[in-house]
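Chain A is already provided as a structure; the job is to place chain B on it using the hints.
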Amino acid sequence: MRSVKHWIFNKWTLGFLSSLIFAYVITNIFMDSLDSHEYDPKLGKVIYTSNTYYRIRREGWATTYIGKYNTIGTKDIDKNKLPKIAIWGDSEVTAFPLPDEKKMGQQVSEMFSRAGRRCIGFGIAHSDNNLADYIVDLRKYESLIPNIIAHYIVLSNLNDDTLPLQNLNTDRSKFIYDGNFRIIESDGRRRHQKIYYLLSKYNLRVVSYFFGQVSRYRVQFPWSLHQERAKSNKSAESLYDKLEAWEFILDELRKKSNNPITFLYCPYRPAIIGENVSFEDPQREDKIIFADFCRKHNIGFIDLTDRFNDFFLKTKEFPRGFANSFPGRGHININGHRIVAEAIFLNELTRN
Amino acid sequence: MSLSQFEFILFLILVVITLVVFKDNTIRKSTLLIASICFYCYWDYRFCLLLAIPIFVDFYCGRLIHSSSMMSQRRRYLLVSICINIGILIAFKYFNFFIDSFKPLLKVFGLNVYSLDLILPLGISFYTLKTLTYTIDLYYKKTEHCESLLDYAVFVTFFPTIVAGPILRASHFLPQLTAFSTSGENLRVGIRLFVIGLFKKLFIADNLAFYVDSFYASPLVFDSTTAWFAVISYTIQIYFDFSGYSDMAIGSSRIMGLHIEDNFHYPYLSTSIGEFWRRWHISLSTWIRDYLYIPLGGNRKNIKRTYINLLISMLLCGLWHGAAWTFVFWGGYHGAALCFHRAFKSWAKPNGQTFVSYGPSIAHWFITFFVVTIGWIFFRSPNFSGAIQVIGQLFFSQSGVRWIYPFALFIIVSTTIFHILKALNLTRPLELPEKAWYTPAVLFCLAWLVFLFHASEFKPFIYAKF
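Chains A and B, in that order, give the protein sequences.
Quick note on our numbering: the first sequence kicks off at 1 and runs consecutively.
Quick note on our numbering: the second sequence kicks off at 1 and runs consecutively.
These aren't lab readings, by the way, just hints derived from the structure by calculation.
Some hints could be false.
Claimed, not checked - What follows is a set of in silico ranges between Cβ atoms, one per label pair, in the way DEER data are often shown:
1) Phe95(B) - Arg191(A): 49 to 57 Å
2) Asp44(B) - Asp178(A): 44 to 52 Å
3) Gln220(A) - Asp223(B): 54 to 62 Å
For glycine and all other residues, C-beta sits at the position ideal for the given N, C-alpha and C.
Next comes chain A alone, as it looks inside the complex (with noise of 0.2 Å):
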């Protein structure tokens, strides 16, 4: 009896045991690889970790080489002597769910030399970044990486990324409101760096999810059901007079560089939407008027509305989303990047 007890405490253990390992393997399999992030003395804030790689399974299912100072699928950018083109953005152009060569600068410089033009394009580029991160990188990018000829920023959500006060609670810079406009820079310090650090150089994204989603979960009783009445939620932008804010932001950003700088929009249409493919941009109005302030401030603006929902027409696929989200939404896909690199390309040339 003893015997047959002892088997089972056995089993059950080994078996727990077991489990693990394959909670490991599978995690390093099916799972987003942890994103770990380091010190640049020379940036002044944190980035991710040069020289690894990110792996995302969430949209799409593709593995990501990091280089130096957050660029994308690049290696050693800064000994590279060649005329660059680069294009900012937040997870737009990070593209973790692309793989490096589909993704926007590196389709750019396929471009390039197969026209037979030796230039570039890489994407400089982290997670929630805005208008603000790259006024206050810019100038420094240009010292740090040679020969940059042109600056491209890509633009998705015109509220999020161009007006204060938005995702305040992001390690980000921040373009902020209090009486007058500021821009505040983050050295983009996160919470447990370095735990993440250890955690992502061990592969071992399993140990983070567990302590993420246990300290995430609130034990629903009976008694705290019913939701709190939303706060009141004042909205940011009536606080501010929205053409004041692009006035001052496109004027502290035409002030870092001396090089082109151009707006690429890429809107969330089309996008299904009820029953149908919508092909009506929301951001339309805002759009115009943001066009028109580049203008003024000699910042080029290309709107890519009209390409996104031709290509759709004409091939039925979308410029966004994956296989693993729905169709129409998320983030700009192999489509939208061609479409993307097509735009610079030939921007550059008409421009050259």
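What follows is chain B alone, placed relative to chain A:
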């Protein structure tokens, strides 16, 4: 509280500890009753009173039926029980449905009746059928009279099954309450079933729900390949969702030392519609057979009457599922399929073979699966026009967005392989036998899969809304 929520696991642990600590049977039963009331109150305490009505009515009707010797009296008490139970069900579940359906007709007669803002009480369809088994069985003297109100209240409110079954039979459940206890074996068997159910629900069904819900929200946007994938995905989703719930309910009951019979037995391996209903939601299909189809005459009368009985039973089965014409149609569709199958089965061939013995069984399986899958479209669609749109996308190839969701593809392929192996009787190791050395390890692995890959959005059980 859903059985798939972490809160339920905490709640179950607490109940089991109490059952282990107290050896007295009355205290244990009281614990179960209190736990069941708390479980129900977690959803909405106001409906506890409604739940008390069938408990008292059926218990005392049962007592009167038992003590009466005259048939007419017994019948009267049975009718009281049926009318009150069905009356409550109609009032809360079908009142608005009938009002909305017959509003134009009522207007002709000058009646302006408005629908009411009613909340559907949790599990009302399930506990109504459950309580009826007691009084009907007592009337036909198929079960023993329950002496204790406490026992009867535990039977009606028993928390693992109150939301979505399995529909317990008084004759099976009540005798167990005289002596039930937690034990090491019950705990192991129960945990095994609970984890398998959790895996079916949270890993498979909920992750498929994202794809299925997205498709059914805008079917006209997608092409026919996507439509087929989504329709088959729903066929799989509803199976894993409901059989997952049943496994969890049976598993948690077993942990507490109470046995509940299986509710599913590989329904998608069926080679006829009749067989499908013997394998799908067994507690409901046997209820309909025993308390509806057979009392209507079953197949004991002429063939025409048998078809009518089948159709009536299945139409009511459809209506039981939901207060909408799509459910009624779904029931009627299955009733018609059962009639067709019976007609073909009895169509004798000259050499003595019947129609159904012709052809390979795979063809029979395919036809059955096809019929069931098409039926689910009406079950899932919010209305008839939605269902027609989906069918249009399936059969009339149209250009549209193609979206093959990798997880759905993986589940469809692996479910198919598993069913093929089951048909070949090769799944014994995969079914995690209780005594197998690897079962604990696989159960832990399934638990990890649930923890790591559960859907971000909470999805209630599909059958919980009935």
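Each hint tested on the structure:
1. Phe95(B) - Arg191(A): 49 to 57 Å: At 54 Å between Cβs, range holds.
2. Asp44(B) - Asp178(A): 44 to 52 Å: holds, 47 Å
3. Gln220(A) - Asp223(B): 54 to 62 Å: violated, 41 Å
Hint compliance for this structure: hint 3 alone is broken.
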